[in-house]
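Enquirer: Sequences listed follow chains A and B, in order. Last residue of the first sequence: number 314 in this note's numbering, and the count goes up by one each step with no gaps. Last residue of the second sequence: number 314 in this note's numbering, and the count goes up by one each step with no gaps.
Among these hints, one or two may not hold up.
Treat identical chains as interchangeable: a pair holds within one or across any two.
[Said to hold, decoys possible] Calculated cross-link-like contacts (lysine-lysine; reagent style DSS-like; alpha-carbon spacing at most 25 Å): (1) 155 x 135; (2) 121 x 242; (3) 172 x 208; (4) 194 x 291.
Since the hints were derived computationally from the structure, they do not count as laboratory data.
There are 2 protein chains.
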Amino acid sequence: MMKLFLTFVIFFSLIQISTIFAADFSYSGTTGPAFWGNFNETCLKGKNQSPIDIPYNEFIKFSKPDDVEFHDAHDVVIENKGHTIEISKNLDAKLKIKDNEYNLLQFHFHTPSEHRVNGKYYDVEAHFVFTDTKDNLSVIGVFYDVSDRRNRFFDPIIYNIPDENAKKTIDFIKLSSVIEDINWMNSTYNYFGSLTTPPCSEGVNWWVAYPVQPIGKNQYLKLRDAMGFNSRYTQVRNGE
Amino acid sequence: MMKLFLTFVIFFSLIQISTIFAADFSYSGTTGPAFWGNFNETCLKGKNQSPIDIPYNEFIKFSKPDDVEFHDAHDVVIENKGHTIEISKNLDAKLKIKDNEYNLLQFHFHTPSEHRVNGKYYDVEAHFVFTDTKDNLSVIGVFYDVSDRRNRFFDPIIYNIPDENAKKTIDFIKLSSVIEDINWMNSTYNYFGSLTTPPCSEGVNWWVAYPVQPIGKNQYLKLRDAMGFNSRYTQVRNGE
Numbered sequence: 075m076m077k078l079f080l081t082f083v084i085f086f087s088l089i090q091i092s093t094i095f096a097a098d099f100s101y102s103g104t105t106g107p108a109f110w111g112n113f114n115e116t117c118l119k120g121k122n123q124s125p126i127d128i129p130y131n132e133f134i135k136f137s138k139p140d141d142v143e144f145h146d147a148h149d150v151v152i153e154n155k156g157h158t159i160e161i162s163k164n165l166d167a168k169l170k171i172k173d174n175e176y177n178l179l180q181f182h183f184h185t186p187s188e189h190r191v192n193g194k195y196y197d198v199e200a201h202f203v204f205t206d207t208k209d210n211l212s213v214i215g216v217f218y219d220v221s222d223r224r225n226r227f228f229d230p231i232i233y234n235i236p237d238e239n240a241k242k243t244i245d246f247i248k249l250s251s252v253i254e255d256i257n258w259m260n261s262t263y264n265y266f267g268s269l270t271t272p273p274c275s276e277g278v279n280w281w282v283a284y285p286v287q288p289i290g291k292n293q294y295l296k297l298r299d300a301m302g303f304n305s306r307y308t309q310v311r312n313g314e
Numbered sequence: 075m076m077k078l079f080l081t082f083v084i085f086f087s088l089i090q091i092s093t094i095f096a097a098d099f100s101y102s103g104t105t106g107p108a109f110w111g112n113f114n115e116t117c118l119k120g121k122n123q124s125p126i127d128i129p130y131n132e133f134i135k136f137s138k139p140d141d142v143e144f145h146d147a148h149d150v151v152i153e154n155k156g157h158t159i160e161i162s163k164n165l166d167a168k169l170k171i172k173d174n175e176y177n178l179l180q181f182h183f184h185t186p187s188e189h190r191v192n193g194k195y196y197d198v199e200a201h202f203v204f205t206d207t208k209d210n211l212s213v214i215g216v217f218y219d220v221s222d223r224r225n226r227f228f229d230p231i232i233y234n235i236p237d238e239n240a241k242k243t244i245d246f247i248k249l250s251s252v253i254e255d256i257n258w259m260n261s262t263y264n265y266f267g268s269l270t271t272p273p274c275s276e277g278v279n280w281w282v283a284y285p286v287q288p289i290g291k292n293q294y295l296k297l298r299d300a301m302g303f304n305s306r307y308t309q310v311r312n313g314e
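Same shape as in the complex, but just chain A:
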C-alpha cells in the first residue's frame, strides 16, 4: 500500500513538473520578461544579466577570441520555436578562448536587437551560441539593420521558416560570410553576462560585434513577423 502511495506521489509530482515546464515564457502578459523571475530566480536576482545597453566607446578593436573559425554548413536543421527561429545540427564553427575550445551549438534571432549601443537598437540581432566540453557558454551577437541590399546569408533561412513548433532541413548555409562581414570580430564588446531567456543562467562569455550588417527589407519583415517581439528589456549593468 505504501509503495502504491509513493508511486502516486511520484506520478503526480512528475505531472506538476511537466506543467511548470509547459507554462512557457513569452514576451508579453503574465509570462513576459517582467515575470521571468517566476520561471527562474536568476532572471530576477542575477547580478550579471543580459542584454545590456553598451556605451559605444567601450567597443574595442582587436579584442577577440584567440581563434575564430566559421565554415559553411550543409544539412542543418531550422526550427520555429515560437519565440525564436533557431538553426542547429551539422554546424562547423569554433572559438578558442584561453586554450579552451568552444563549438557552435546553434544560432537564433531576436527582433528588435536585445543589446543596444548608446541607447540605440538595431532591427535584428543574431546569437551564435557556443559551448565547450564543460558546458561553458560563449555567444557572438551580430546586429543587422534594414537595407536596400538583401543579405544572401539570410535567404535559405527566410525561405525555409517552418510553421510554429515545426522543423525543416536546409541544404546549405554560407556561415563563413557572417564572420567575414564582421571582419573576423575586429571590433567587439566582450563581457560576462547571461542567457537572455529563462533560465537566464549567468557566466556567459559575450562577444557583441561591430559593425552592423545589412538585411533586406523583405527578409527583415518576414523574420520579424515569424517571431514577433522577442527582445528582453536591457538589464542593469554589473555595479550600477
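Using the hints, position chain B against chain A.
Expert: Chain B in isolation, oriented as in the chain A frame:
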C-alpha cells in the same frame, strides 16, 4: 531664528523636489522602464497601464469617435526631447467622444511600436495626444512599417529633427493625410489605459488604429536613430 530655520527647510525641500524631476526617466539602466515606479507609483501599481499586446480579433470596424477632424497645420513646433521627437503648437485636429470635444495637443513617436498585435510589433508608432477642457486625455496610436515607399507626411519631420533638447519651426505638415490613410479610423482597438511614460497617469482613452502605414527605409532609420529605443514593455491587461 525659527523663521530662518523654516526658510532653510523650504529651500532645501525645493532643491530636493527639483532634483527628483531633473533625474529624468530613460529606456535603459536604473532609470529604465523597470524602475519607473521610482518616478511615480502609478507606473508600478497601476491596474490599467499601457502599452498592451492586443489580440488582432479585438480590433473593431466602425468603432470610432463621433467626430474626427484632422486639418493640415502651419508653423508647428518640432522638439527633440531626447526620449522622443514631439510636434506641437498650431495643430488643428479634434475628436468628439460622447459630446465631449478633444483637441490635439501634440504628437510624438516611438521606435519600435509600443502596442503590439498578437505579439507582433511594428517599426514606428505615432501617438496623437488630445485633451478636453477638463484635461481628460485621448490618444490615437498609428503604426508604421518600413517600406520601399516613403511617406510624405514624415518628410518635413525627418528633415527638421533638431539637436537634442532643441526646437525648430516647421512651415507645413499635411496632418490630414494621417487620418485619410487610416480610413478615418475605420478599424480601431479602443480601451482605457495610461500614459506610456512617467507619470503613467491612467484614464487615457486609447484608440489604436489599423491598418499599418508605410514609412520609407531612410525616414525610419533617421527617426529611430534620433530617438533610440523608446518603447515601454507591454503591460498586463486589466484583469489578467
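Enquirer: Any hints this thing doesn't respect? Which numbers, in order?
Expert: 1 and 2
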